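Number of protein chains: 2
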Amino acid sequence: MPGEFALIERIRARAGRRDDVVLGIGDDAALLAPPPGHELAVSCDTLVAGVHFPDDTAPADIGHKALAVNLSDLAAMAAAPAWGTLALTLPDANQAWLDDFLDGFLALADEHGLALVGGDTTRGPMAITVNVFGLVPAGQALRRDGARPGEDIWVTGTIGDAAGGLAQWRARGPASAKLRHRLDRPTPRVQAGLALRGLASAGIDLSDGLAADLGHVLAASGVGARIELGRLPASRTLADHFDEPRRWALQAGGGDDYELCFTAPASRAFEIEQAMAALDLPATVVGRVVAGAGLRFDTPEGEAWTPPADGYQHFSGGHA
Amino acid sequence: MPGEFALIERIRARAGRRDDVVLGIGDDAALLAPPPGHELAVSCDTLVAGVHFPDDTAPADIGHKALAVNLSDLAAMAAAPAWGTLALTLPDANQAWLDDFLDGFLALADEHGLALVGGDTTRGPMAITVNVFGLVPAGQALRRDGARPGEDIWVTGTIGDAAGGLAQWRARGPASAKLRHRLDRPTPRVQAGLALRGLASAGIDLSDGLAADLGHVLAASGVGARIELGRLPASRTLADHFDEPRRWALQAGGGDDYELCFTAPASRAFEIEQAMAALDLPATVVGRVVAGAGLRFDTPEGEAWTPPADGYQHFSGGHA
Chain A
1 MPGEFALIER IRARAGRRDD VVLGIGDDAA LLAPPPGHEL AVSCDTLVAG VHFPDDTAPA
61 DIGHKALAVN LSDLAAMAAA PAWGTLALTL PDANQAWLDD FLDGFLALAD EHGLALVGGD
121 TTRGPMAITV NVFGLVPAGQ ALRRDGARPG EDIWVTGTIG DAAGGLAQWR ARGPASAKLR
181 HRLDRPTPRV QAGLALRGLA SAGIDLSDGL AADLGHVLAA SGVGARIELG RLPASRTLAD
241 HFDEPRRWAL QAGGGDDYEL CFTAPASRAF EIEQAMAALD LPATVVGRVV AGAGLRFDTP
301 EGEAWTPPAD GYQHFSGGHA
Chain B
1 MPGEFALIER IRARAGRRDD VVLGIGDDAA LLAPPPGHEL AVSCDTLVAG VHFPDDTAPA
61 DIGHKALAVN LSDLAAMAAA PAWGTLALTL PDANQAWLDD FLDGFLALAD EHGLALVGGD
121 TTRGPMAITV NVFGLVPAGQ ALRRDGARPG EDIWVTGTIG DAAGGLAQWR ARGPASAKLR
181 HRLDRPTPRV QAGLALRGLA SAGIDLSDGL AADLGHVLAA SGVGARIELG RLPASRTLAD
241 HFDEPRRWAL QAGGGDDYEL CFTAPASRAF EIEQAMAALD LPATVVGRVV AGAGLRFDTP
301 EGEAWTPPAD GYQHFSGGHA
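Those protein sequence lines, which keep their order, are chains A and B. Following the UniProt record's numbering, the numbering of the first sequence begins with 1 at its first residue and continues without gaps. Following the UniProt record's numbering, the numbering of the second sequence begins with 1 at its first residue and continues without gaps.
FYI, nobody ran anything at the bench for these hints, they're computed from the structure. On a predicted model such as this, the values are computed, not experimentally measured, just so you know. All C-beta atoms, glycine included, are put in the ideal place defined by N, C-alpha and C. Just so you know, nobody snuck in bad clues.
Pairwise CB distance ranges (calculated): (1) A:A96 x B:L279: 45 to 51 Å; (2) A:A13 x B:G139: 22 to 28 Å; (3) A:G150 x B:A107: 43 to 49 Å; (4) B:A278 x A:A293: 54 to 60 Å; (5) B:P308 x A:D92: 22 to 28 Å.
Covered stretches of chain A, as calculated for chain B (at least 3 residues, CB under 8 Å): (6) 23-31; (7) 75-81; (8) 115-123; (9) 136-143.
Based on the sequences and whatever the hints tell you, model everything.
So, in structure tokens, the structure goes:
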């Protein structure tokens with residue numbers, strides 16, 4: 001790419017530093033020094049324009065989101081962010097776009113102490129692949145396969161906001177800036193994930209929506225669940241813009257919130273509430289793990305409810 | 001992506017295994033257990049159709065090359081391949097294409113004991129980003145900044161073949177299958193890189209061509225070099241298809257060979273030859289590190305020679 005080395009130099013000049021980065025951007029590979037006794041958590045996500053974010057998304061928001069969705073995966077594993085790589089495919093060597101993108105990407109990296117240690121820039125249709133590497137003391141990662149019948153099911157924060165913002169954008173009608181902000185600037189719940197080490201039994205981040213993501217936990221753990229729709233935490237803004245059946249659909253079926261969903265024995269509830277209160281992040285019990293298979297949603301009247309299958313097409317691609 | 005989970009399942013079913021993979025594809029992040037006393041080498045490369053390989057490249061060759069260029073970076077660091085992630089953006093969920101791609105990718109992964117531990121599949125214009133993670137005992141990595149005046153400059157194998165294959169493809173005239181094979185199926189010199197631990201003082205892989213890549217070593221080390229064109233190792237096939245000035249241009253300016261270029265004190269020459277002979281891989285001294293800056297090529301008659309600036313446009317993007 002013409003100007004490629006200039007782009008790389010721009011990235012290198014702004015990449016964060018850590019003592020455990022033996023060699024950063026600029027050789028054939030980065031050299032990193034993982035601390036003894038830790039496991040390395042690795043997550044990889046690609047963002048494509050028009051698939052993972054609306055075409056009118058600001059470059060700084062794209063940069064933020066490209067890292068946020070990956071940090072959210074580390075949060076869901078209770079891993080502390082350490083390093084990352086950034087592979088940028090861009091139609092042309094647009095330095096202004098790159099600078100704005102890096103503003104969003106690196107501000108979030110700095111906030112979480114993540115050092116950008118490598119990457120690649122190529123010319124082509126825009127695609128952004130980020131790999132992040134986190135550290136977790138051996139055996140303490142939060143996996144999907146630890147949920148047991150009788151445990152509580154929790155979610156952090158409020159859910160449905162990002163889906164509401166996307167639904168409004170798609171409808172081209174009145175739109176809430178607050179909802180759109182949740183879509184464009186998701187907050188990865190990194191500190192919450194770290195606080196849940198030793199408390200939660202299983203966890204996942206809500207990228208594809210509660211029904212889909214909790215479904216992965218249930219399948220991995222070999223259990224089922226019942227969720228009470230009346231308990232799903234909704235922001236005031238979401239409640240103002242969407243009435244009840246529509247709101248449930250956004251909360252249960254919509255993705256992109258990047259809150260954490262986790263399970264824990266009821267005996268841990270007080271400690272969890274204390275830990276989340278210390279982070280100023282509400283967490284809510286929304287249901288219960290049950291024996292058997294399947295995920296059932298109950299209305300406040302106790303009736304079974306099913307998310308509309310075609311009610312919402314999320315922007316977050318699934319990932320391995 | 002429609003069928004995305006089916007694609008991921010196809011990848012997961014075929015990913016290799018290693019004892020140090022605590023948790024592979026299928027959770028929010030992979031969990032890996034780096035051995036104590038080692039540094040982690042991380043490399044990231046993106047391949048885009050029409051930029052990094054000809055449009056008519058077979059899917060299995062693309063899969064091979066996507067991993068090979070990354071393994072080559074680990075080789076250049078003297079790191080042993082361990083794990084990798086694969087981010088695939090594809091225009092549609094084409095299972096036949098994916099199966100062929102994985103044939104090439106995973107055969108090479110298995111050959112080098114690399115386990116695929118994560119990734120992402122998204123819909124969009126084709127782009128492939130691979131991250132590889134290698135292990136090297138702390139302090140033993142081969143970096144770019146260790147070359148010292150008076151040392152020999154070596155290259156492994158033969159160089160110029162891939163550039164010759166690309167030049168023939170571009171000219172749409174008679175083409176050698178052997179040269180094209182070197183372009184499509186580069187062999188990462190992983191074992192050579194490992195054998196050079198403690199022997200070489202600096203190293204790089206030849207992706208962008210000898211002039212450009214050796215230039216990076218010289219800049220990082222703060223030295224210059226003189227290369228004798230008459231010593232550049234050429235395959236019989238290259239010599240049959242390209243006469244001398246054209247061949248030099250391919251060998252000095254052309255990329256995509258993925259041989260190693262490294263420096264070493266003359267006192268190590270015998271050990272290096274022994275080590276390379278044990279791998280059945282020729283290595284050749286092509287010049288010498290000198291004090292000062294700049295890279296000079298000498299013809300067999302001792303005249304200074306400059307690679308034609310526009311003689312060759314390589315397919316390998318640079319990378320950070």
